[in-house]
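Chains as they are written, first to last, in my numbering: chain A, 1 to 338; chain B, 1 to 338; chain C, 1 to 338.
Read the hints as simulated data drawn from the structure, not as lab findings. Worth double-checking, as some hints may not be accurate.
[Unchecked claim] One side of the interface only, derived from the structure: several residues of chain C facing chain A at Cβ under 7 Å:
1. 140
2. 213
3. 332
[Said to hold, decoys possible] Lysine-lysine pairs mimicking DSSO-like chemistry, simulated, CA-CA at most 27 Å apart:
4. B:292 <-> C:45
5. B:94 <-> A:193
6. B:292 <-> C:314
7. B:314 <-> B:324
8. B:334 <-> C:337
9. C:314 <-> B:314
10. B:337 <-> C:324
Glycine included, every Cβ here is placed at the ideal spot set by N, Cα and C.
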Amino acid sequence: MSWTLAQIAQHVNGQVVGDPEYRIRAVGTLTQAGPEQLSFLANNKYRKFLATTRAGAVIVTAGAETDANTNLIVVEDAYVAYARAATLMYPLPKAEAGIHPSAWLHPDARVADNVSIAAQVTVEQGAVIAEGVSIGPGSVVEANVSVGRDSVIKANVTLCREVQIGERVVIHPGVVIGADGFGIANDQGRWIKVPQIGRVVIGDDVEIGANTTIDRGAIDDTVIGQGVKLDNQIQIGHNVTIGEHTVIAGCVGIAGSAHIGSYCAIGGGTGIAGHIEIVDGVQLTGMSMVTKSITEAGVYSSGIPIEPARQWHKNVIRYRQMDKLFERVTLLEKRLKD
Amino acid sequence: MSWTLAQIAQHVNGQVVGDPEYRIRAVGTLTQAGPEQLSFLANNKYRKFLATTRAGAVIVTAGAETDANTNLIVVEDAYVAYARAATLMYPLPKAEAGIHPSAWLHPDARVADNVSIAAQVTVEQGAVIAEGVSIGPGSVVEANVSVGRDSVIKANVTLCREVQIGERVVIHPGVVIGADGFGIANDQGRWIKVPQIGRVVIGDDVEIGANTTIDRGAIDDTVIGQGVKLDNQIQIGHNVTIGEHTVIAGCVGIAGSAHIGSYCAIGGGTGIAGHIEIVDGVQLTGMSMVTKSITEAGVYSSGIPIEPARQWHKNVIRYRQMDKLFERVTLLEKRLKD
Amino acid sequence: MSWTLAQIAQHVNGQVVGDPEYRIRAVGTLTQAGPEQLSFLANNKYRKFLATTRAGAVIVTAGAETDANTNLIVVEDAYVAYARAATLMYPLPKAEAGIHPSAWLHPDARVADNVSIAAQVTVEQGAVIAEGVSIGPGSVVEANVSVGRDSVIKANVTLCREVQIGERVVIHPGVVIGADGFGIANDQGRWIKVPQIGRVVIGDDVEIGANTTIDRGAIDDTVIGQGVKLDNQIQIGHNVTIGEHTVIAGCVGIAGSAHIGSYCAIGGGTGIAGHIEIVDGVQLTGMSMVTKSITEAGVYSSGIPIEPARQWHKNVIRYRQMDKLFERVTLLEKRLKD
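Chain A extracted, bound-state conformation (with noise of 0.2 Å):
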């Protein structure tokens, strides 16, 4: 397959400058890419590989032709629109429709025609598998599931009973939904269970990383608005509640009942307590420590990072001398005035 950067740019809504019918068959790094290549310049840190380039055409930004030799796509937003012509070059690989033989589909599971589910599948009694889903080898679909049209489960995905899963989303290998939420009660030193029997809801266009966890209600439904983004080993905790369009990078782990907004970008390796509100547009960095709840919007931050081994010592010894310190100061005050 090749496409010609006048086809690649009218997909992506761009102006191409330099030859038209110049064909491409791939994509590829500023660094890395070859004449059949095309190529992307999004972050300003790798500017500086736009004259040495060997890419037969690279998508820019508006504003930044004048230091490229080679053929170009200019667009209002260089990212965006390599994401369209990598969709475009590289369609997602589409399972093939049909129920492999070592599937195993209750009667009672109501799967649509066009569907496909992969070797050694589990769909259980009352499920109900839409149009144009796939699901991936070795995943469990249990009871009264519901996965929407056209949405992707990987390998080895775990959809516990009565889970409800939107159109379009896509669950990589590894993720359970619908565990148990982790509901204990401390009856006179032991702890008893608390049945969980919420759902979990998942809306369109959704996608979830590798190995994320995300737990049932413990009566109302913890609820993933459309569009978010999940990425790997993020752990959710029961009734949590996140809004439309929120990003989340790896590793963040949200306590039971945390109501996190809309158009939220939550860094990697964070942590939210449970029962808190987090407003929409919310900024957190990596390794946030979250524990009240953020009533405006804005980037919050938390964490001291590296430093030399010897001197993260001192400065751990000075940090626990602070409040004496304090009360130096204000002693050294008070002797001045007098």
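We have chain A; now place chains B and C onto it with these hints.
Just chains B and C now, kept in the frame of chain A:
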């Protein structure tokens, strides 16, 4: 199914205030429940909803009766009583006994009669599955594993060779128990593997959350005491021991050979160093960093919560200048003395 | 099976002090081992047990002979020697060659003769499985994956399309290699997917712990160098590269396009930002927060360990007042100068 308040009150050892013959069919939260639903008040934050709830009845702790306008069940501990009532009304879905034809059991596995083994399961040689156990779809029970009476292994769980699971244990999807610990020795710059020949021994009534991992011991066993409750995505290194009735929230990492006492409560995202000891009755708040043994019961914390990013940036700089500030204050004190 | 101390000493390149014909049958820790067991002393913390151990023999590093009252094998590095002795005595359980009837292999997969493929496995089109490989129950090998000689893939592992695994690699249960990286572009508030078309390339002699995830590259590959050892629940973003013989402890998160050098040691729970570079020979202590490139080898740390909660609370307040304290001290200095 429906229950009278008298029935429920008897089950939870409470007193009905209102109509003991009132019938309820389900549970619900104070704000969402309707006339056929039973709710509860366990967190004072939600007490304000007691006056306006449409719930048919509410379980409350003695003392909260005055605010309510609906039927009550008054108990000593509302959350424990709710847990019991909900368990009565929503018994854990019990898989039907029987072995699914797509499961594979080694002929030398010893499987009791009254067991449920789901689709796509593997049970290897020498495994022993006691009465009343259920094993979910896609799970793997390796050689010589033993699973005690009435334990519930959910979908896509891996129990590695020789792991010992107690009675009434619940293991959620994606859990891996008994993978090799991180035992490596540095042989002149290259790392060689140290065989991991211990087991994992899980006590009775333990619950283990989705995608949690518990490594086998290097020589002796890794041991999880009875009644321990583990949330999702916890990592427990080789030869860790955890005392009875300790609870651990999600995303906690415990390095090898750490020993955790009984009746501890460990907040989410906490990291615990290897080869240390934590006594009984320790509480750690979320995201704690534990580098040394804890020798006294009590509550411990670490971490500095988020601030607006600009302020955070300034404070990190100040933190790094602290040592100099101490010098400046010492100098001031000296000068003032002179 | 049993071994004489002479046999073991020869295998580990050590000297017997005591009876070279003494026979041992197993290994054990200094405190637990009996007369038929071999123990070792690698951590000085445990040296006190040397006088009282009931072990039939102990491997020690030269210099520790004096304290012992049992047979010794004296070596240069007791832990390396123990690793070798234990590997001799406990060879990794080797799965029998053969393809389980419940496994499903695509007819176009290329599987060498001397391979073990367990129950419920899926091997897709174009996959290449070299001699001596074993693949555990429930694992999924997607299209065009290649697994090198003598590698061991445990249970419920997912190797996504085109992933390349070297020789003698060990991959523990629940690992996901080659899921899509977190590539999204913000198209006027909505996030669109950026196709992830790179692969993951894993070098020889790598070991990967349970439930770890390694994402495929966005365009170029994600690369794990030979001899790298990864613990459990590590998350590695797209286009990360890790140099040879680096070790990483559990629960570490590495964001996209970070480049980690060779011979590094990264403590558990560490977070590493994307698009940064860490040179060879860097050590990071547990829970480190790395936001910038590290350009010099050495030991780095961050994080403030726990304190009693009351003290922690006070110190957090003090931390937030630091900036004002600096102003107060500056004012004091000025006044004193005046």
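Note to self: Hint by hint, where does the structure go against what was stated? Just the numbers, ascending.
What the structure shows: Going through the list in order, the structure violates no hint and respects every one.
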